[in-house]
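**Q** For reference, the chains in residue letters:
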Amino acid sequence: MIDDEAAFAARDKCAVVGIGQTEFSRDSGRSVLTLATEASLKALADAGLEPGDIEGIVACEQDTVAPFTLAAALGATNLSYWAQTGPGGVAPCMMIGLAVGAVLSGQAKAVLAFRSLNGRSEARLGKGVRGMDAETVGGLGSYNEFFLPYGLMTAGQTFALMTQRHMLEYGTRPEHLGAVALACREAANATPHAQMHGRTLTMEDYLASRMVSTPLRLFDFCLESDGACAVVITSAERARDLPRHPVLIRAVAGGAPPDLRPGMMFPVVSRDDMTDLGGRLAGEKLWKRAGIGPSEVDVAQIYDCFTISVLLQLEAFGFCGKGESGPFVASGAIRRDGSLPINTGGGHMSEGYVHGMNHIVQAVRQLRGEADMQIAGAELCLCTGGPLPIGSSVLFRRAA
Amino acid sequence: MAHYLVPTTTDRETRGFFEAAAQGQLVYRACNTCNHALHPPTGHCRHCGGWDTGWRQAKGTGTLHSWTTVVHQVHPGYPTPYTIVVVTLDDTPEVRLVGRLDGQPALQAGMPMEAWFETLPDGTVLPQWKPEL
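Taken in sequence, the protein lines are chains A and B. Here the first sequence stands for residues 7 to 406, where the numbers follow the numbering used here. Here the second sequence stands for residues 691 to 823, where the numbers follow the numbering used here.
None of these hints come from the bench; they were simulated from the model. Misleading hints may appear alongside valid ones.
[Said to hold, decoys possible] Footprint (simulated), chain A over chain B, 3 or more residues, beta carbon under 8 Å:
{"hint": "1", "stretch": "701–708"}
{"hint": "2", "stretch": "724–734"}
{"hint": "3", "stretch": "756–767"}
{"hint": "4", "stretch": "771–779"}
{"hint": "5", "stretch": "787–797"}
[Claimed, not checked] Partial list, derived from the structure: chain A residues whose beta carbon lies under 10 Å from chain B:
{"hint": "6", "residue": "K133"}
{"hint": "7", "residue": "G134"}
{"hint": "8", "residue": "G145"}
{"hint": "9", "residue": "G162"}
{"hint": "10", "residue": "T169"}
{"hint": "11", "residue": "Q170"}
{"hint": "12", "residue": "V218"}
{"hint": "13", "residue": "R267"}
{"hint": "14", "residue": "P268"}
{"hint": "15", "residue": "R277"}
{"hint": "16", "residue": "D278"}
{"hint": "17", "residue": "M280"}
[Said to hold, decoys possible] Cβ-Cβ distance ranges computed for the label pairs, FRET-style:
{"hint": "18", "chain 1": "A", "residue 1": "P198", "chain 2": "B", "residue 2": "G739", "range": "52 to 62 Å"}
{"hint": "19", "chain 1": "B", "residue 1": "G800", "chain 2": "A", "residue 2": "G329", "range": "16 to 26 Å"}
{"hint": "20", "chain 1": "A", "residue 1": "A336", "chain 2": "B", "residue 2": "W806", "range": "35 to 45 Å"}
Glycine included, every Cβ here is placed at the ideal spot set by N, Cα and C.
Make the full structure from the sequences, and use the hints.
**A** Right, dumping it as structure tokens:
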């Protein structure tokens with residue numbers, strides 16, 4: 007087994023020192039490279055650094071902007087470390103982990119992590135998985151030949167199958183899913199840059215929204231957005247000399263479910279328990295590595311591709327018992343004044359969908375004390391990624 | 691592209707499933723050493739570490755584990771509504787396969803399901819599932 011000494015040794019040794027983002031919109035009118043460049047330059051300016059200070063760039067494997075292309079656009083001529091991770095929304099937390107590894111191993115003094123997509127105007131994720139336009143679908147290790155020909159084509163349909171199981175086993179109700187959508191919308195209503203800032207959402211609105219794939223409705227789905235986010239990571243020691251209050255990376259952990267199957271998201275249907283996520287093991291490792299438990303967390307950014315993904319991750323990361331997430335969110339726990347306010351910029355549901363990266367930016371804002379919907383006294387913020395087929399997480403801590 | 695999505699039937703790992711389907715047989719991959727099923731199929735057994743795996747005949751019956759009725763149409767060849775069913779094989783709980791039913795039929799978790807074989811316009815045969823009569 008892996009010796010956790012190294013994981014403990016990484017505690018609080020690195021920090022996020024700069025954040026940047028573009029406008030989130032339905033049509034940016036610009037290339038993803040231009041969006042990535044703008045977000046990165048803003049993050050660098052926020053950190054008080056120049057492109058030449060960046061030695062490492064980490065990216066999501068689904069990003070069409072490669073690290074070296076962004077380096078070229080930025081003029082980051084000292085690039086000496088780069089990496090891509092994934093899959094998809096699992097990437098941002100793992101990107102933070104890559105950055106920590108690069109900094110602590112001496113491969114890069116400062117690392118830029120970014121995600122850029124025109125997820126609404128150019129490459130809509132809701133249109134199905136990659137490779138559907140081929141003459142025959144699947145093969146080459148995708149295993150999509152077992153699913154696409156049956157009309158199982160999207161993440162939404164997959165999460166609908168998981169939701170149905172959760173409802174059957176635990177009595178989870180539409181109103182429980184709606185409580186997640188409403189909490190995110192409430193945060194967006196308080197966040198001027200959020201795409202749904204000016205639009206309120208009631209439970210009646212939620213329940214009246216059209217079915218997409220039963221039992222999931224329109225407002226169970228995240229937005230599809232154009233936009234980019236970037237953050238700068240360096241050592242905690244160096245962070246003390248930079249202008250912004252450092253946000254320390256307390257611990258990072260990924261995790262796979264016990265009954266992991268080969269393939270991307272569709273094979274989840276064969277798992278012994280399709281509502282038991284890899285996030286559970288990620289959480290167990292994270293809390294151990296951090297020396298901090300879920301009850302101490304002040305605020306959380308929970309990966310919300312769908313409302314059900316929030317419910318399942320609240321269970322996986324130990325905020326409530328298995329099957330108890332419905333009543334937990336219905337109690338108001340995840341709202342602004344609850345015990346665990348989540349997705350405090352509006353999340354993917356209502357702020358914008360930057361594939362997990364806007365959650366990292368929001369976590370940093372909360373711990374700097376500069377969020378639009380600021381949680382008073384926030385010192386610990388959990389950020390999660392995923393949740394299929396594997397999970398990822400970071401615990402951030404405000405520096406003393 | 692208003693046509694069915696045709697599965698790749700020549701993949702080195704999965705072609706046996708479609709070769710059997712073309713003969714009207716439903717099969718799944720299993721480890722010949724420890725007898726665990728391996729789905730989606732892999733050549734290496736994660737349970738015992740063995741490499742001796744092969745295709746086994748399934749009964750063609752199962753139970754309904756989950757389902758979703760797709761209302762929002764994604765692909766022109768798949769008009770909505772249709773219902774995706776997830777079926778646990780009676781042979782082994784380690785294998786679940788999906789099928790498609792027209793419309794929004796009344797379904798119940800655990801109900802018995804049976805396999806049938808759909809021949810796509812190009813001749814490819816796809817195992818499908820329907821409620822047992």
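**Q** Now tell me, hint by hint, if it's right for this structure.
**A** Hints and how they fare:
Restraint check on the stretch 701–708 of chain B versus chain A: 5 residues with Cβ-Cβ distances below 8 Å, three needed, restraint holds. For the stretch 724–734 of chain B, the stated coverage by chain A is satisfied: 3 residues place a CB nearer than 8 Å to a CB of that chain, which reaches the threshold of 3. Given a C-beta distance limit of less than 8 Å, the hint that chain A covers the stretch 756–767 of chain B holds, as 9 residues qualify and 3 suffice. Closer than 8 Å: that is the beta-carbon criterion, and the stretch 771–779 of chain B has 3 residues meeting it against chain A, so the requirement of 3 holds.
A stretch counts as covered by a chain when three or more of its residues have a beta carbon under 8 Å from one of that chain; for the stretch 787–797 of chain B and chain A the count is 5, and the coverage holds. The closest approach between the C-beta of A/K133 and any C-beta of chain B is roughly 7 Å, which is under the 10 Å cut-off, so the hint is satisfied. Taking 10 Å as the C-beta contact cut-off toward chain B, the hint placing A/G134 at the interface holds, the least distance being around 5 Å. The beta carbon of A/G145 comes within 3 Å of a beta carbon in chain B, closer than 10 Å, and the hint placing it at the interface holds.
Here the hint on A/G162 is kept, as its CB sits about 8 Å from the closest CB of chain B, short of 10 Å. Interface restraint check for A/T169: the shortest CB-CB distance to chain B comes to about 8 Å, inside 10 Å, so the restraint holds. Interface restraint check for A/Q170: the shortest CB-CB distance to chain B comes to about 5 Å, inside 10 Å, so the restraint holds. Satisfaction of the interface hint for A/V218 is found here, the shortest Cβ-Cβ separation to chain B being roughly 4 Å, below the 10 Å cut-off.
Interface hint at A/R267: satisfied, since its Cβ lies 6 Å from the closest Cβ of chain B, which is below the 10 Å cut-off. The criterion of a C-beta within 10 Å of any C-beta in chain B is met by A/P268, whose closest approach is roughly 5 Å, and the hint holds. At its closest, the beta carbon of A/R277 sits 9 Å from a beta carbon of chain B; the interface hint therefore holds under the 10 Å criterion. Given hint, A/D278 at the interface with chain B, holds; its Cβ is 7 Å from that chain's nearest Cβ, closer than 10 Å.
The closest approach between the C-beta of A/M280 and any C-beta of chain B is roughly 7 Å, which is under the 10 Å cut-off, so the hint is satisfied. For A/P198 and B/G739, the hinted distance range of 52 to 62 Å is satisfied, since their beta carbons lie about 56 Å from each other. A C-beta distance of roughly 18 Å is found between B/G800 and A/G329, which places it inside the suggested range of 16 to 26 Å. Checked against the given bound of 35 to 45 Å, the beta carbons of A/A336 and B/W806, roughly 42 Å apart, stay inside it.
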